[in-house]
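Colleague: Make the full structure from the sequences, and use the hints.
Residue strings, one per chain:
2 protein chains.
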Amino acid sequence: MTAPHPRLSINQATIKHADLRTALDVTRAAGVEAVGLWREPVNAVGLDTAAAMLADSGLRFTTHCRGGFFTVPEGAARRASIDENRRAIDETAALAAAGAEGSTAVLVLVAGGLPEGSRDIAGARARVRDALGELAPHAEAAGVTLAIEPLHPMYATDRCVVSTLGLALDLAADFSPHVVGAAVDTFHIFWDPDVLAQIARAGREGRIATYQVCDWKTPLPADVLLSRHYPGEGVIDLRTLTEAVVATGYDRDIEVEIFHADIWADDPAAVVRRTAETFGASIAPHLAPALAHPA
Amino acid sequence: MTAPHPRLSINQATIKHADLRTALDVTRAAGVEAVGLWREPVNAVGLDTAAAMLADSGLRFTTHCRGGFFTVPEGAARRASIDENRRAIDETAALAAAGAEGSTAVLVLVAGGLPEGSRDIAGARARVRDALGELAPHAEAAGVTLAIEPLHPMYATDRCVVSTLGLALDLAADFSPHVVGAAVDTFHIFWDPDVLAQIARAGREGRIATYQVCDWKTPLPADVLLSRHYPGEGVIDLRTLTEAVVATGYDRDIEVEIFHADIWADDPAAVVRRTAETFGASIAPHLAPALAHPA
Numbered sequence: 000m001t002a003p004h005p006r007l008s009i010n011q012a013t014i015k016h017a018d019l020r021t022a023l024d025v026t027r028a029a030g031v032e033a034v035g036l037w038r039e040p041v042n043a044v045g046l047d048t049a050a051a052m053l054a055d056s057g058l059r060f061t062t063h064c065r066g067g068f069f070t071v072p073e074g075a076a077r078r079a080s081i082d083e084n085r086r087a088i089d090e091t092a093a094l095a096a097a098g099a100e101g102s103t104a105v106l107v108l109v110a111g112g113l114p115e116g117s118r119d120i121a122g123a124r125a126r127v128r129d130a131l132g133e134l135a136p137h138a139e140a141a142g143v144t145l146a147i148e149p150l151h152p153m154y155a156t157d158r159c160v161v162s163t164l165g166l167a168l169d170l171a172a173d174f175s176p177h178v179v180g181a182a183v184d185t186f187h188i189f190w191d192p193d194v195l196a197q198i199a200r201a202g203r204e205g206r207i208a209t210y211q212v213c214d215w216k217t218p219l220p221a222d223v224l225l226s227r228h229y230p231g232e233g234v235i236d237l238r239t240l241t242e243a244v245v246a247t248g249y250d251r252d253i254e255v256e257i258f259h260a261d262i263w264a265d266d267p268a269a270v271v272r273r274t275a276e277t278f279g280a281s282i283a284p285h286l287a288p289a290l291a292h293p294a
Numbered sequence: 000m001t002a003p004h005p006r007l008s009i010n011q012a013t014i015k016h017a018d019l020r021t022a023l024d025v026t027r028a029a030g031v032e033a034v035g036l037w038r039e040p041v042n043a044v045g046l047d048t049a050a051a052m053l054a055d056s057g058l059r060f061t062t063h064c065r066g067g068f069f070t071v072p073e074g075a076a077r078r079a080s081i082d083e084n085r086r087a088i089d090e091t092a093a094l095a096a097a098g099a100e101g102s103t104a105v106l107v108l109v110a111g112g113l114p115e116g117s118r119d120i121a122g123a124r125a126r127v128r129d130a131l132g133e134l135a136p137h138a139e140a141a142g143v144t145l146a147i148e149p150l151h152p153m154y155a156t157d158r159c160v161v162s163t164l165g166l167a168l169d170l171a172a173d174f175s176p177h178v179v180g181a182a183v184d185t186f187h188i189f190w191d192p193d194v195l196a197q198i199a200r201a202g203r204e205g206r207i208a209t210y211q212v213c214d215w216k217t218p219l220p221a222d223v224l225l226s227r228h229y230p231g232e233g234v235i236d237l238r239t240l241t242e243a244v245v246a247t248g249y250d251r252d253i254e255v256e257i258f259h260a261d262i263w264a265d266d267p268a269a270v271v272r273r274t275a276e277t278f279g280a281s282i283a284p285h286l287a288p289a290l291a292h293p294a
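So the protein sequences, as listed, match chains A and B. Just so you know, we're using numbering that gives the first Met the number 0 here: the first sequence kicks off at 0 and counts up by one. Just so you know, we're using numbering that gives the first Met the number 0 here: the second sequence kicks off at 0 and counts up by one.
It is worth saying that the hints were derived from the structure and are not from the lab. Treat the hints with care, since some could be wrong.
Put simply, identical chains are the same to the list, so a pair is met inside one copy or across any two.
Pairs of lysine to aspartate or glutamate residues, derived as EDC-like cross-links and limited to a Cα-Cα distance of at most 20 Å, are as follows [claimed, not checked]:
# : residue 1 : residue 2
1 : 216       : 261
2 : 216       : 236
3 : 216       : 119
4 : 15        : 222
5 : 216       : 115
Modeller: Here it is as structure tokens:
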């Protein structure tokens, strides 16, 4: 078997049922160089332990998933959410510092849906902007980039009112690109007639905080959250999207993040190997050749 | 019970399992003045009979559903699709002529998804434009407006590659607005951050061929095609969308089109009454007062 592409990063959600120890071990054992982590398994062992385990793994750290869920109006729930996001920012900084050279301090944000009983999607979007304003100074001080992730419009009301890359960039516009960027995930935005123009814009504005890949096909499963597939096993034109991202100059790691019941039920080591194979076949050929590191 | 709003039209899909006779009877019996029909039940009785039944009902005819499904590359299947669309145009003209005064000759088009084995969504969209170019002269000669219906992006790959009102208007741009317009359906476009600007544009360009309403809520059912609800029973801001459509000067009938297993299983007469009630509560208050007809 050929070595995994050096820019592949395994997002921990792809092997959701693996604890942090297992996730790091199987990623490294497969020859993958980078990993994106999730808050729950990190906090299950405690941040200091997680950071030590990450440092010991020798893996680069690419993103922390996830913050956000701040569309509720002012009140105790909103204060709790902002506080939780500040903790997530601190975790991100600690993990990025513990990861190998080339790690990035990126916190992925999923905005949240409509508050219970609300039909005001425009208001919810305005509160996302407000939350970014509250969190930006803390993120900047911590050296963390907040990555607004547009989610597919089928999640617009119950999970993420930010449905397009264009809206994510509009929300980010008032902030420095080092502080607020966007997550570019093929699954969520491939359908957008404006996707290539918005990827180019994101690059021009310096806001591609992370590039994540997986695939889409129908029929959707009963739980539409779990409809993500290995790259190349669906109908997304991954070549065109990847070339558009490469054309912006994005040269960092690329995560594969898959939510799928069958994949979660599989052996994590096998899933990481399969992820590396499918990445190698469907993403790697569209990346610029890696530059040799100076000796 | 108060009379249904005079601009309410029952789209036959809302009472899918009713044959044409039943659909016309229950619509008229409820005091509703207009109806949108589907090709299958019309062709089940034959076009001439259907037109006579419609004329006899005294109902206005609002749309014919549906044409489209022309994203496949050149070949026999594409030729068959174009021919089928020509027949649908002719049916639309015949039914509009048979409907009561104020009927409109509008054929709703659902573009179709990615052809089998294809990942080329841009190519599929280009073939939609090509099909419109082929069909426009026939539609113009028949006095029929083709209404491109953008469908929610969750249907982008298997049903309709036209995912936004903006794209529908871009595709329509080369044609006269009397020949090619767009269907504005709340369910499909409410999530779009650009929806209000695109509704205004559609009005300015004279391309709102039909306004259709129903509602969205989550969780989505296992078959995501059947996730449409009575207006007001979900989370769409129907007031803001309806006011935006009214602001364009749109003053014609408004269809309620619902696909839902429970509603389809219900008694058609009860469904029409419930549709009139929910329309009265959630749409009618946002319409300009009806002008009295001159005596």
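Colleague: So, for every hint listed, does it hold in this structure?
Modeller: Checked hints:
In this homomeric assembly, residue 216 and residue 261 come within 20 Å of each other (Cα to Cα) only inside a single copy, at 15 Å, whereas the closest approach across copies is 27 Å. Proximity of residue 216 to residue 236 under the C-alpha cut-off of 20 Å is restricted to the intra-copy arrangement: shortest distance 12 Å within a copy versus 30 Å between copies. In the homo-oligomer, the alpha carbons of residue 216 and residue 119 lie at most 20 Å apart only across protomers (14 Å), although the nearest pairing inside one protomer, at 31 Å, exceeds that limit. Proximity of residue 15 and residue 222 under a CA criterion of 20 Å is satisfied intra-copy only: 16 Å inside one chain copy versus 26 Å between copies.
Taking the shortest alpha-carbon separations for residue 216 and residue 115, only the inter-copy value of 12 Å comes in at or below 20 Å, while the best intra-copy value is 30 Å.
Against the hints set out earlier in the document, no violation occurs for any number.
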